[in-house]
Structure formats: C-alpha cells, structure tokens
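Q: The primary structure of each chain is shown beneath.
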Amino acid sequence: MAERGAPLLETRGVGMRFGGVKAVEDVDFRLEEGELRCLIGPNGAGKSTFFRCLTKQYQPTSGTVLLRGRDVTRAPTHAIARQGVGIKTQVPNVFDGLTVRENLRLAATARHRGRAIDEACDQAIERLSLKAIGGHRLDRLSHGQRQWVELAMVVTSRPALILLDEPTAGMTHAEVEHTAALIQELNRDSALIVVEHDMQFIRSIATGVTVFHQGRIFADGTAETIMRDPRVGEIYLGKRNLLS
Amino acid sequence: MARVPLAIQLGAIALAGAAVIVALPSFIGYDTILQITLNFAFAILALSLGFVWGYAGIFSFGQAAFFGLGGYAYAAAAINFGDSTPAILIGVLLPALFALVLGYFVFYARLSSIYVAVITLVVTLILYKFMGQTAKPSYMIGNAMLGGYNGIPAIPPLNVPGRPDLFAGPEEMFVIAGLTALAVYIGLRVLLAARLGKIVVGMRENELRMELLGFDTRFYKLVAFVIAAAIAGLGGVMFANWNAFIDPHVFGLGFSAQPIIWVMIGGLGTLIGPILGAFILSTLSLELGTQKTIDINLILGLVFTVFVLLVPQGIIPTLRKFWTDRRPARDPDAGANASREASSHG
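First to last, the protein sequences are chains A and B. So for the first sequence, numbering that gives the first Met the number 0 puts the first residue at 0; every next one is plus one. So for the second sequence, numbering that gives the first Met the number 0 puts the first residue at 0; every next one is plus one.
Derived by calculation from the structure, the hints in this document are not laboratory data. Accuracy of the hints is not assured; some may be wrong.
What the hints assert, rightly or not - With a cut-off of at most 20 angstroms between alpha-carbon atoms, the simulated SDA-like pairs for lysine to any residue come out as follows: (1) B:Lys-320 x A:Arg-136; (2) B:Lys-197 x B:Pro-4; (3) B:Lys-128 x B:Ala-256; (4) B:Lys-197 x A:Gly-96.
Model the full structure from these sequences, guided by the hints.
A: Shown next as structure tokens:
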C-alpha cells in the first residue's frame, strides 16, 4: 500500500496534549530517503515529545504519521520498529548483564535467523568500531561506549530510518567527535533524525536542521542558515547570533 | 574449567537423574517414597513459577491456581473417561487455555507488574470461593461431583495408555513424577537456550529496548505465561494422582504463597533453586507436622524471614557467588571466564 514517491516519513498536523498542556501542536514534517536531519530547540520546545510521537512511546492526540505513505498513527512501538525504524533513546537502553556481542545478538534476533544473526552482528561491530570491546559486559563500559553499543544494536536491523534522541548527551569532547563520525557512517545506508542540543556537533555533521519552539516548527534550513538566523538565536539562547 | 556444550551437559543430567529416580524406590521406605513423590509434584509447580517469575519477570501469584485447575481437570476427566491418558492432556490444556484468556487481558492491557500480581492472586481466590460452593449435586461434570469444600475423592491413578486395569502404584508413581519433573527441568533449560528464552530474558532486563527492537512484548509475555500455566497444570495432575483427592485449598491464600516462598528460598533466576526450595520446605513442613508442640506456619514463617534477611538472593545464587569468589585464588585462568559464566548459567 506504500505510495510511490512518498517521503520516508511524513507527519500531518501531529499534536500531543497532556491535559491542558499542548506539548506539540500541528506539526507538518517531511523527511526524504537518506536524509539526515537534526531537531533543535530550547528546553520544553517539544522536540523530545515529537520524537516520542514518532516512536509511539507517546500516542499523538491528533494528526497522522505516515511511513513511506503508510499510515502508522495507531501502530504500537514494536510495529514501528518492524517497519524499518531504528530507535535510540536518550538514556541508553541496553542489557547490562550481557556482553557487547550478546547485546547485539539479541538485537539481531528481532529481524534475522540462523547465520544471518552473526553476520548482522559482525557488520554492526565493524561499522561502529566495537571490535576491541566485543567481549565486555555493558555494565563495565563507559557512558560513551554504551551509547555506541546501543547504536550498533539499532543498526543490526538495517533500518531505513534511525531516530536518535540526544546521542551525545553526557559525552566528552572526543566522544562527541567520534559519534559525529559514526552518524555520518550510518547515514550512508539510513536516513536519520537526531534530536540534539550541541550546535558544534550539528555543524560538524553538516545537516538539515528543523527548529522547534513552543511545540511548533519554528524554522527549517541548513545548519549554516539556521545558525545565522537572528530569530533562532533569540529563542534559543536569547542571543542574536548562535555563531558569536 | 572448559565449558561443556549444553547438549552434553543436559544429556548427562538427564541420564544421571533418570538413573537415580528409577533406582531410588528400591532403597528407601514407603513413607519416603510418598513424601518425595509429593515433592516432585511441588517441584514442577516451583519450576513453573521459577520460569515465569525468575526468567520472564512476570510475578504471578496465580501459579497455584493453574496447579489446582490442572488437578481438578485431571480428576474430572479421569473419573469420566476411566482412562488417565486423555485426562493428563486435559489437565495440562485447561490451565493453559485459562492462562491464555486471563493473560490476554492482563498483558494486552499493558498492566504493570504489580497489577499482574494482584489480578492473578484475586483470580486464585475467586476460584477458591467458586470451588468451595460447588457442593450442590448440580455441580457435576459428567460423572464427577466437584463436592465443594469436601473436594473430589477417589481420583483414578495413572494407568498404562488404553489399559485402565494396569495402573501405577506408589513406586511407579514415584518414577513417573520424578521423570516428569526432570523432563520439565530439561525442557526449560532447552527453552531458555533457544530464541524464545533469550527474548523472554531480554524482556525481563529491559522491556522498552525489546519493544524498540521490534519485539511485541505483550505477545511474548503471554507465551511465557501460558507455558508456565501448562507446567503448573502438569504439577497439579501429579498432585491429584499422589493424593487421589483434591479440594479447594489448592486455591487458598496459604497454598498460593508457597511456590513463591520456594522460589525465593531456592533462588530467583535459577531453575535448580525452585526445585531445591520445594524439596526443603515441603519436607520440612511434613516433618514438623509430626510434632504437636509448635504451629508449623510459625516455624515456616520464621524460616522465610531469616532467608529474606540473611540470604535474600536464595540458596543457589548465594552458593554460586561463593564459588566464583573463591575460584580466582586457586585458578589463575578463572577471572576471564567468570563474567561469561555469570551471564550464561541456567
């Protein structure tokens, strides 16, 4: 039933209310195949809520969500994942008692059988440069490493779209740089939506940016134009120019 | 220590276990045979809870209800058919079906674990009340009278399929119950090593992650719940056989709490622990029952309290920890393996 030429992801008038609070309102959003887009905005702008509406951790109270033209507004989280969407949450959701490889094997079990499981694991380990820590247990890894393992788990299903919620939160400078490189590597096969705060990071992955403000889309554009936009600077930090 | 492949490990356990079970009746007294047969039935019940709670992370207060349903279903079917073979099947299928319906509403409504515990307990107590008021002659299933609080007496024993005249005496029953418990243990070990087992444990560890990976956790919880109910039902079949009698006390609060205590004392997250817990406590309560000085429940309560305070992880995990902590001193190679073993023992 997928429409030909339909965008990979599209939302029409998506809104999310909590009681009387409109956290997200009337969001029309489009993402094409292979695109890399960052969602930014000040705290409480609704970007994380919008993210959770896409993953169905929240059920949007209005509007429709389309995946390659197919209406997935009422689909539960696991069904979204099965349609080729890989999701990484803000706090790493990994299996602490298992090794890196066991984590990946479990993730790969979702979409593969038999030998394909090991192939998918090998590939994910290779792409995210995790070979050195493959046998380590997750509870013995650093925060940054845990984030990368979670990315690798997401990759095992070879998703068409990857959703990342603040992938660099709590990382050191070197870890942020490495993560930026990993995201570009992932972008070779998948479209990505990244919720992010760190402007330096967004510039380093040189990407399209959508700015959220008060639950609505405030501006759209390339990283450069958005950062030069004085209106964005104002809502974001109360500054005239984000580059200054 | 080289790691032994699971198939060889389980094969050895199966052979050794079967040999002991078959040989044992010749060496022990009649009373002990009866006592251990009961322990086997309870061990099957304990295994069902050990699996669903310890591995799938579903705290079911209702395992005793499935056990009781299995017993009742076997009793009614065996009385009607006069042959135990289809009755065993019904004793397993009825609790499984009941769990399928109950579990569907509980898990597809995404109730949190505390509500799952409350609902399974309440359903058990409803069954207790319901079975208690079935004394009227109108509560007949074919030829079987449910009998209210008086229960169903004279339940036919297991017989050779198709030959109701060739039935199991206490020694045969001992062997059958023992082999059944062994088969359930091995079956669960295999299940946990397979895809379903990995998924179920992953769900216990991090349900959200499993959903984000594309697993329908509602479905897998339901599957685990139904499997556990079928196993508990099989335990109930063995129990009804041992007793030749069943009454509503299997749905009572006291009986429902027992498997939980067995699993906690033996060790949550292991399979051998629940078996051990069932054996120790069931034997203890029988031995204590022969003396008339102190109320049994007082002592069992004390045992339970001491365990919760001093050995909160249960016997088996505590022994395992003691063992792995000791090993590095004697075996320099052990450190590298310790973490692998910690995540892979069954």
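Q: Run every hint past the structure and note whether it holds.
A: Hints, one by one, checked against the model:
1. B:Lys-320 x A:Arg-136: holds (18 angstroms)
2. B:Lys-197 x B:Pro-4: Satisfied, since the Cα-Cα distance of roughly 17 angstroms is no more than 20 angstroms.
3. B:Lys-128 x B:Ala-256: With a Cα-Cα distance of about 17 angstroms, the restraint between Lys-128 (chain B) and Ala-256 (chain B) holds, given a limit of 20 angstroms.
4. B:Lys-197 x A:Gly-96: holds (13 angstroms)
Figure legend: structure checked against the earlier numbered hints; every hint is met.
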